[in-house]
Amino acid sequence: GAVVSQHPSRVICKSGTSVKIECRSLDFQATTMFWYRQFPKQSLMLMATSNEGSKATYEQGVEKDKFLINHASLTLSTLTVTSAHPEDSSFYICSASGTNSNQPQHFGDGTRLSIL
Amino acid sequence: EDKVVQSPLSLVVHEGDTVTLNCSYEVTNFRSLLWYKQEKKAPTFLFMLTSSGIEKKSGRLSSILDKKELSSILNITATQTGDSAIYLCAVGGYTSGTYKYIFGTGTRLKVLA
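Chains as they are written, first to last, in the numbering used here: chain A, -4 to 111; chain B, 191 to 303.
If you are wondering where the hints come from, they were derived from the structure by calculation, not from laboratory data.
We put the CB at the ideal spot given by N, CA and C, even for glycine.
Take these hints with a grain of salt, some might be off.
Said to hold, decoys possible - If you only want the chain B side, here are some residues facing chain A, beta carbon under 8 Å, derived:
(1) 224
(2) 227
(3) 231
(4) 233
(5) 235
(6) 238
(7) 275
(8) 295
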């Protein structure tokens, strides 16, 4: 089945640090990648939709200058949390889908971000 | 506003019981409904239901899509402790020209031995 790799799996860093999270589709071309945030005991909240070669579409309330998304190729999208603060601590998950909207999105294993 | 609602929010059953999880939705330009199982990490894919495939089955799990009622159910028969997880329903549709998925709140299932 389709495989999506997300790295790193865990990050612990000081407040003010910028953190980059990578999401790769390993065996298919991901025209669209999604970035989600999940708080404890809550569901996934879509942050942004990223299409290869174009600017990401951010959901209402998500700061695009805070959460920088780059989708430079059909297999890689990155999320950079800039100048992270403790309130940015969360579980971030990416997913990827191919060219056919009849195919499901597949998730990476997620990144647990802890800002001290 | 697009939304996906799941019920119940949580459920505790004993091994061997059958459970039915519900998902209802209001999503612009509906294309698909997906069920995922989430344990400790990211969700794992269970089923995808579309207009051309409204019923799916895999082992003890099955799912049906009711496009008239804008809802879906996920059935798990003969539950096992390994079925304990959060079950997420996601609905895919086009909003403002962008294809995206809206997730429900999830149902937390606990199966007791």
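Verification of the supplied hints:
1. 224: holds, 5 Å
2. 227: violated, 11 Å
3. 231: holds, 5 Å
4. 233: holds, 5 Å
5. 235: Result: holds, 5 Å to nearest chain A Cβ.
6. 238: The hint holds - residue 238 of chain B has a Cβ within 8 Å of chain A, the shortest such distance being about 5 Å.
7. 275: For residue 275 of chain B, the interface hint is violated, since the closest Cβ of chain A sits about 13 Å away, which is over 8 Å.
8. 295: holds, 5 Å
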